[in-house]
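Visitor: As a plain string of letters, each chain reads:
Number of protein chains: 2
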Amino acid sequence: MPVFQETSHECRDFRIIPSRELPLPRLTPRPAQSSSSHDKHEVVIIGAGPAGMMLTLLLARYGLGDTLMCYDSKPGTLKAGQADGLQPRTLEVLKSLDIADEILNHGCHMSEVAFWNPKTSISLGQEWGIERTSFAPDVIVAARYKHEVTIHQGRIERILEDNLNQYSPNSIQRSTKFIDFQLDPAGDTDYPLKIELEQETIDGKKTRKIIRSKYLVGADGAHSQVRRSMGLELTGETTDHIWGVADFVADTNFPDVRKRCAIHSDVGFVMIIPRERISSGQYLTRLYVQIKDEVPAEESDSSDPLSRRKSRNRRAAITLDFIMKQAQRVFFPYRFSIKKGMEVDWWAAYQIGQRMTSKFSMTDGSGQPRVFIVGDACHTHSPKAGQGMNVSMMDSYNLAWKLAYKIHGLSPQESSHSFLATYEDERLKVARQLIEFDTKFSSMFSGQIGSDSSVKGLTHEQFLKVFSDGSGFTSGCGIEYSQGILVQTPAIENSYPIDGDDYLQGTLKPGRRLLDSVVRRYADANLRHLQDDFLSTGRFRILVFTMLDLLDPQGISSKALTTICNNTIPTFPQGSVELVVLHPFLERAFEWADIPSCVKDVAEMKFHGPVHEELYRTYGVNQNTGAIVVVRPDGYVGIISSLSDPSQAETYLSRCLVRVL
Amino acid sequence: MPVFQETSHECRDFRIIPSRELPLPRLTPRPAQSSSSHDKHEVVIIGAGPAGMMLTLLLARYGLGDTLMCYDSKPGTLKAGQADGLQPRTLEVLKSLDIADEILNHGCHMSEVAFWNPKTSISLGQEWGIERTSFAPDVIVAARYKHEVTIHQGRIERILEDNLNQYSPNSIQRSTKFIDFQLDPAGDTDYPLKIELEQETIDGKKTRKIIRSKYLVGADGAHSQVRRSMGLELTGETTDHIWGVADFVADTNFPDVRKRCAIHSDVGFVMIIPRERISSGQYLTRLYVQIKDEVPAEESDSSDPLSRRKSRNRRAAITLDFIMKQAQRVFFPYRFSIKKGMEVDWWAAYQIGQRMTSKFSMTDGSGQPRVFIVGDACHTHSPKAGQGMNVSMMDSYNLAWKLAYKIHGLSPQESSHSFLATYEDERLKVARQLIEFDTKFSSMFSGQIGSDSSVKGLTHEQFLKVFSDGSGFTSGCGIEYSQGILVQTPAIENSYPIDGDDYLQGTLKPGRRLLDSVVRRYADANLRHLQDDFLSTGRFRILVFTMLDLLDPQGISSKALTTICNNTIPTFPQGSVELVVLHPFLERAFEWADIPSCVKDVAEMKFHGPVHEELYRTYGVNQNTGAIVVVRPDGYVGIISSLSDPSQAETYLSRCLVRVL
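Going line by line, the protein sequences match chains D and E.
Numbered by full-length UniProt numbering, the letters in the first sequence go through residues 1 to 661 in order.
Numbered by full-length UniProt numbering, the letters in the second sequence go through residues 1 to 661 in order.
Isolated chain D (complex conformation) (with noise of 0.2 Å):
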């Protein structure tokens, strides 16, 4: 089209880059950027794992970016890990932070899990061997994703590093060891962290130096020197049972290889974990496999030498040509082989121990919480149910937040010790139950399963209940923290305006995250997903389910909405809380103009409407009575109250962020 008047503003050029969203509001004085400042930082992360670069991401994401600093042993990109399935709960939180598509497109999707047992009848001229006993889905809670998903966790860490770059491109240090630390307020009371770390130099030249932090957290994996620094270590018993494990393009007739399968046979137990898509086009298998051969405990902690022996040579047995045979054996009469001319990608044996930390985290003399670990640094586990890496950056995620909140000046004074302290209350309960789920679920897959069940133990059913029992666990979607300042349980009252208790498909509770829905936007009639409203920018909001009375300039809605927005928010520092409003009806019959103009002004593009009749009554709401929820952060209900009492959500906030007014 043939232009004659142009003018572009300078700003336009911006919109071409990636969307980064907006730090949070900071109210104590940025640190001065002196050129000593480069050994004094406000948070030191040890490790960039998962975990490490989950945390480092969050926070630099905050606005920390030019204030931390992560340091790794390692020269490069770790490439060893072998954590590789992602669950839904997770997988939603890496939507919130817009890194979830690359993993959703080119990861392995697992939505059915396939059971094999030993042949319960043979007819004349078959073999024994194995069958289908069932199919199951494997996640069968609500979730925005409905599957697990697969893949290499160094394409993780890749993505995770990828987006922290567009935040802080130079907040990782490699080739840089931890020490040791000292809580040292004498020095400097603002930076009571003296932290002694090695640098390693191309050349392989070590050289030591001090540097001070305000904060200091251990992401350095089941070896944690940070935790030995902290004078805490893993504890619990290490089983008998010994695994191999092996990554590899499968050649084979099983029929189930594309699915989750957990197979018993009369001679052993082989779990199928399907993989992505290489670039050969082709696609990964991962089988765990268990060695009958066991080992006994006593023996591989034995100071003996000829118990150590015995065991060295033992595990020296188990070969990938071991793992392969004894896979073959489970699988007959299938072939199950190594792809020919294909490399095996990595293979392991490894046994099987369900450890943890007593502790999470270490106050200075005043009582606030200054050194933290998370990840593995705090628990491990088999890697049967796919948690490790799930667990570990989800510790992170909780974390981050608390810290950011802490260091920005936005947590009230009087709660900041006790505010930073429900990371570990909260943390080590799901810690807890991973080592209580991983321990049930480990032994269960190392029993047997017979044709015959009442002779060889653990039945199909049995099986399949502990399996569908651990769903919320395995999920991450029932993760539940308790009451706490964050965490408002109800008082056993009339107004709590939740019916139900199906907390797993989607009825609200406080401490349970907030589960997605598809709604309509009012302003555009878009479809939207509701937690796309919920994003991990470190901002409270207030959740209100409005009534049928919407339009009533009287009405409860009407005055809840007002209330809140030129009450609640205004309270808090700007920025910190915003608003999401739902309303009950179906069809669009109403204009703006009918409904509180504050929604407009406030909350324009964060009002829905249903897109079918079951929305409200999903999260146990009555769309007679309508609801506020406070959500924090990280997604998880704070508190709920009565739609005729906001003062509530005022209240709760005043707890997690300084007034203002």
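Honestly, I wouldn't trust all of these hints.
Which copy is meant is left open, so a pair is good if it fits within one copy or across any two.
[To be verified] In silico EDC-like cross-links for lysine to aspartate or glutamate, where the CA-CA straight-line distance does not exceed 20 Å:
#, residue 1, residue 2
1, LYS259, GLU587
2, LYS339, ASP601
3, LYS146, ASP532
4, LYS292, ASP321
5, LYS310, ASP162
6, LYS429, GLU233
7, LYS600, GLU276
8, LYS406, ASP469
9, LYS325, ASP251
10, LYS74, GLU6
11, LYS259, GLU591
12, LYS440, ASP469
13, LYS325, GLU6
14, LYS339, GLU10
15, LYS259, ASP601
16, LYS600, ASP251
17, LYS74, GLU196
18, LYS259, GLU276
19, LYS74, GLU10
20, LYS74, ASP13
21, LYS146, GLU276
Since the hints were derived computationally from the structure, they do not count as laboratory data.
The hints should help you fit chain E onto chain D, whose structure is shown.
Guide: What follows is chain E alone, placed relative to chain D:
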């Protein structure tokens, strides 16, 4: 977990990078990489806008990354592009290249259109003004994405370039102007094109150089120098309507500002195009404002100095302020202004014109097309229907695989001239439709709808009809390429297996794109988008709709599959024809062993069933008869034949691909 044995293969390290698709097989020798080859390319592309970038990206993905070069006269990424709309079909294509996510996540979705007209009745005390007549869905045809997306053109170019850099990081050379070309087969028969370029260094020095190429593509916009060198020009009439356009953050009480709106008032016409959210969290709005002060066509084209000065003065009077004032008159009684404190992103004034060239390519002495033009170099038109960037990129999408096939030696020697000529045949027709549609659409916008329609011309119903009738074209989903060597329209015979003619809702037809559907993959029970098996990797696909006899080893389905796997596919170069198979069974009532083994061998991960009963019916296929469909690399159907006659697919493919058997 305590790992005591671990072995990792180096190939595993590559699993962390973004996925890349395999290039097309190449049968011709690859050009030697001599030092002089810098000035010799297989394809030279002029212009790095959306059309040129799309072509470069596609060719690089097909395997020509090392032997092509795209030159652009500007020193950096284009920032002045004003196109912003992506059609549903373009989104499907971007998805097939794995580059749609950022656009879908961060662009503005337009799902609904609001039509506003002069008030029909005025009560006592009310003012004249506008009222909403109706809403309509923005996309009424069946499509994977039931909305359009608006987003900054520069961002789309950046996304294309980011992806190009993964395949070929050095394919764009900037600050280089195309001067002229000559067809000079005498010099070098393999590289018959002599192309003259002018390069500008940072210090402004200009140097000329001559390069050689096999093919040349002009994607250099409406003022295309390549087109001029071909001796072609854009022809057509310039109509006499002037429009203003502006992008800004609006401050308004107009209720539908977040929807696409067509607003006819008694004082003129405005169109709202909602735009993406910007980093401040606010949303852009684009306004197209009709300027009533018309310019006679003869005046603007006149060589009379007085007439030209009048025209110039008239144009100079169109300022941003003028545009906004006119908009405000149309929006009355609603407020509509630029948000206080915000700068206008971009504004311009233009005259509507529809022009195109009569040819899109130029042949050498042997009749082989050697020079092509794509995008605005071929056709210019008004921006009203949001077609520009879409039709331009789709020109490249149509040309790219044909060029790659020719250069790689995949297309048969005997038909290769006509094979390449299909680009012009197919896209010239689309351009003509574009010009026709835009002429109708534009003049309709410039027409007036009055409360008393009999007096003022166009009624709202007439307007709506043009809008709806154009939906196949404006969505991009109704484009139909006509009969040619790549499109075999069916002979009228009894065995043609398609019922119905609701092509816009999915009924299959040669020349139209294959509609997406959600299907359930047999191997892993995952829900999949059928279009995800038709990625833009340059491959032909045979899509087999098996019938209810699939489990009968002597049935028609089994025979067709066996013939296709054992005879048809091996006839053509390895990796050039893929198989996708659908089955009609809602329940999983069979095992791999019950169907021909070649399905698992050839299409294990491309074998799907319905998730609802409508699947076959959507495509016009009867599950009692099935169908064989050959889909071109660009997703358009090439031929449809009876399941009992698989030889038709082979005959068709033999016109497109060389035979190796």
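Visitor: Next, verify each hint and record whether it holds.
Guide: These are the hints, each one checked on the structure:
no. : hint            : verdict
1   : LYS259 x GLU587 : between (42 Å within a copy, 17 Å between copies)
2   : LYS339 x ASP601 : between (61 Å within a copy, 13 Å between copies)
3   : LYS146 x ASP532 : both (17 Å within a copy, 19 Å between copies)
4   : LYS292 x ASP321 : within (15 Å within a copy, 82 Å between copies)
5   : LYS310 x ASP162 : neither (46 Å within a copy, 56 Å between copies)
6   : LYS429 x GLU233 : within (17 Å within a copy, 74 Å between copies)
7   : LYS600 x GLU276 : between (45 Å within a copy, 18 Å between copies)
8   : LYS406 x ASP469 : neither (37 Å within a copy, 59 Å between copies)
9   : LYS325 x ASP251 : within (14 Å within a copy, 71 Å between copies)
10  : LYS74 x GLU6    : between (53 Å within a copy, 18 Å between copies)
11  : LYS259 x GLU591 : between (50 Å within a copy, 14 Å between copies)
12  : LYS440 x ASP469 : within (11 Å within a copy, 63 Å between copies)
13  : LYS325 x GLU6   : between (73 Å within a copy, 17 Å between copies)
14  : LYS339 x GLU10  : between (56 Å within a copy, 17 Å between copies)
15  : LYS259 x ASP601 : between (49 Å within a copy, 17 Å between copies)
16  : LYS600 x ASP251 : between (59 Å within a copy, 12 Å between copies)
17  : LYS74 x GLU196  : within (17 Å within a copy, 51 Å between copies)
18  : LYS259 x GLU276 : within (12 Å within a copy, 40 Å between copies)
19  : LYS74 x GLU10   : between (42 Å within a copy, 17 Å between copies)
20  : LYS74 x ASP13   : between (38 Å within a copy, 15 Å between copies)
21  : LYS146 x GLU276 : within (17 Å within a copy, 29 Å between copies)
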